[in-house]
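Residue-level listing of the chains:
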Amino acid sequence: MGKPITIGIADLNVGRDNDTLVTYALGSCVGICLYDAEKKIGGLAHIMLPSSKEASSPTDNLRRYADTGITELIKVMNLKGASVSKMTAKIAGGAQMFSVSSSIFNIGERNVNSVKQILNNFKIRILADETGSNFGRTVFFHTENGIMEIRAATKPTLMR
Amino acid sequence: MGIKNVDQLQDMHLDVLKEIGNIGSGNAASALAGLLNCETDITVPVVKLLDFDDAVSFVGGPENIVIGMLVDIHGEISGMMLYILQHSFASRMTSSIFGTEIEDIFNMNEMETSFISEVGNILSASYINALSSLTGLAIDISVPNMTVDMAGAILSVPAIHFARIGNKVLFIDDCFLLGDKNNKIKSNMILVPEMGALETLFSKLGVEL
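Residue numbers (my numbering), protein chains in the order written: chain A, 834 to 993; chain B, 25 to 233.
Note that these hints are calculated values from the structure, not bench results.
Be a bit skeptical, because a hint or two may be false.
[Stated by the list, open to error] Computed far set for chain A versus chain B, every beta-carbon distance over 12 Å: (1) ILE959; (2) ASN978; (3) LEU991.
[Stated by the list, open to error] Simulated restraints, written as ranges between beta carbons of each label pair: (4) A:GLU982 / B:THR137: 30 to 36 Å; (5) B:SER138 / A:SER918: 51 to 57 Å; (6) A:GLU982 / B:LEU229: 46 to 52 Å; (7) B:SER119 / A:PRO989: 27 to 33 Å.
Glycine included, C-beta positions come from ideal geometry on N, C-alpha and C.
Build out the structure end to end from the sequences listed, making use of the hints.
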């Protein structure tokens, strides 16, 4: 295993074979791992908000939003040789970090709903769903086998 | 020109916020001195606009475990404030008042939780009082909502809020000196004004945008 490829907030990247993609400390953001098992090509996007309709300007970073972020990830994976009809998804994050009931604070849930909707539009099946609750998660995605590894502060590591 | 976005703030605006921060932190230091029953001083706070990633490294990296306290601001201006307290800061506070450090930050007892929450309350009220008395704006705050988790996950809350109005976060770095001058503890605050709040704030202070 080489050095993991780190994906920051509102960013995405693609790896293949024995690459590992990682995104640290997802809170209400959602990490979307897409995988073409045949080609062993995997991609990871770290989105912050449900929809690019919330963009404040046309020059906005479109990787922030679930709709445009996932669309771009699929595009980048296609360029590397993956095909959308072969892709499966694993998702994590979308927590509610503070227990305050206000529209901004259920952003995690809105992100997750939007991600599921968009994956459904692309007919991409969700094989693992580690979303919700109230804690942060770090996601490692191994493109060798499509395993999503979840690390949290007070929980045992999960392999999905 | 209207200011809609924290990215557009100039040095002059940051200086104003720094001054408010200075007064607020001074108030906070005296209030903490009363609570902790020891001499408490504060250095001039550092106020800056930081990218999300820089803010995260500033508080120890994405997976560093910290205490986050979120305070909702409403009234004539609205927004939120987030305090990031390091374990060492919290332990210094509890040991000066209870004589014990926080053993397990994830399982703080009721006394520790309520005490740390009170510290958050004092810090935020001091800052908001300074803001309110300088501007004459009526501003209310909620009690702090506390969580302990990875810094990156906690900071994503203001980052998401900010994403709608800018790419950077307004970061205030406070350095308190407890008892003797060598005993420094740091707290970090992130201020998230709603769109329009900055305009209201600066126009009340007569600062041109």
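message: Are any of the numbered hints broken by this structure? If so, which, sorted upward?
response: As far as the earlier hints go, not one is violated by this structure.
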